[in-house]
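Just so you know, the sequences run in chain order A and B. The first sequence begins at 1 in the numbering used here and counts up one residue at a time. The second sequence begins at 1 in the numbering used here and counts up one residue at a time.
It is worth saying that the hints were derived from the structure and are not from the lab. Watch out, some of these pointers could steer you wrong.
[Said to hold, decoys possible] The calculated lysine-lysine pairs, modelled on DSBU-like cross-linking and capped at a C-alpha distance of 30 Å, are:
hint, chain 1, residue 1, chain 2, residue 2
1, B, K57, A, K71
2, B, K11, A, K99
3, A, K17, A, K99
4, A, K1, B, K11
5, A, K57, A, K17
6, A, K109, B, K78
7, A, K109, B, K57
8, B, K57, A, K1
[Said to hold, decoys possible] These stretches of chain B come out as covered by chain A in the derived footprint (C-beta under 8 Å, 3 or more residues):
hint, stretch
9, 43-50
10, 103-109
[Unchecked claim] Calculated Cβ distances over 10 Å to all of chain A for the following chain B residues:
hint, residue
11, K14
12, A93
13, G98
Predicted model, so just to flag it, every value in this text is computed and none were measured. A virtual CB, placed ideally from N, CA and C, is assigned to each residue, including glycine.
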Amino acid sequence: KNQVEQSPQSLIILEGKNCTLQCNYTVSPFSNLRWYKQDTGRGPVSLTIMTFSENTKSNGRYTATLDADTKQSSLHITASQLSDSASYICVAGGSGTYKYIFGTGTRLKVLA
Amino acid sequence: GAGVSQSPRYKVAKRGQDVALRCDPISGHVSLFWYQQALGQGPEFLTYFQNEAQLDKSGLPSDRFFAERPEGSVSTLKIQRTQQEDSAVYLCASSPPGGFLRAQYFGPGTRLLVL
């Protein structure tokens, strides 16, 4: 069964600290891995998109990594800011399909 | 520039009522998706349009759910005889042409509460 699992479910960090969110997926055949940021009451916003042949992609203070062999991805946030408080959703896409599989998200809270 | 817009933002319906949710995608985006997001969960696929053609409706939970995009732009998701389990956020997303690796742009969602 195609699925995406994220950990931790929730995380609290102090402003300025770094953190790493994890994602494991079982989607076959696999094509691409996406990370989204979803603020409360808003729609998800794309952070990164990686194909199976890419290992890392950055978007400002966000850096995503992908290991297609172990079917794992991570999202690293550097020098966190209060505005980083949101849910971060990992999404796996299968080859030749638009049916993306969404994880349940990691809820991040950044405290001053 | 204008993003994906959805209306209404909030909808309260009595059980048994029909509701219609509207999505205005980004101009020029040929792909349009509807998702259902329960509280604390990730979005779940409902249906997919390419222009005006509904290519996949396999995620629609029941025959009470119906979606259309008659002119290949605005889309409407209709839920007939609403039930309490239909309460959720309904997200619309659009993508530009160029295949399935293009980014999805999400609207803010419609939060539906069925009493």
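Proposed proximity, K99 (chain A) with K17 (chain A) (alpha carbon, max 30 Å): Measuring from Cα to Cα gives roughly 35 Å; hence the hint is violated.
K57 (chain A) paired with K17 (chain A) [C-alpha distance capped at 30 Å]: Since the Cα atoms of K57 (chain A) and K17 (chain A) sit roughly 20 Å apart, the hinted pair holds (cutoff 30 Å).
Verdict on chain A covering the stretch 43-50 of chain B, criterion of 3 CB contacts below 8 Å: Since three or more residues must qualify, the claim that chain A covers the stretch 43-50 of chain B holds, with 4 doing so at under 8 Å.
Given hint K71 (chain A) paired with K57 (chain B) - CA-CA distance at most 30 Å: At roughly 28 Å apart (the allowed maximum being 30 Å), K71 (chain A) and K57 (chain B) satisfy the hint.
Given as non-interface: K14 (chain B), partner chain A, CB spacing beyond 10 Å: Holds: least Cβ distance 24 Å, greater than 10 Å.
Given as non-interface: G98 (chain B), which should sit over 10 Å from chain A by C-beta: Since the minimum Cβ distance to chain A is about 12 Å, G98 (chain B) lies beyond 10 Å and the statement holds.
A93 (chain B) non-interfacial with respect to chain A [C-beta, more than 10 Å]: It is violated; A93 (chain B) is separated from chain A by about 7 Å at its closest Cβ, not greater than 10 Å.
Chain A covers the stretch 103-109 of chain B, three or more CB atoms within 8 Å, holds or violated: As far as the stretch 103-109 of chain B goes, the hint holds, because 7 residues have Cβ atoms under 8 Å from chain A.
Straight-line alpha-carbon gap K109 (chain A) to K78 (chain B), limit 30 Å: Answer violated: K109 (chain A) to K78 (chain B) is near 35 Å, above 30 Å.
30 Å limit on alpha-carbon distance, applied to hinted pair K109 (chain A) and K57 (chain B): 36 Å, violated
Restraint status (C-alpha distance of K11 (chain B) to K99 (chain A) at most 30 Å): Holds, at roughly 27 Å.
Given pair status - K1 (chain A), K57 (chain B), alpha carbons within 30 Å: 19 Å, holds
Hint compliance for this structure: hints 3, 4, 6, 7 and 12 are not met, and every other hint is.
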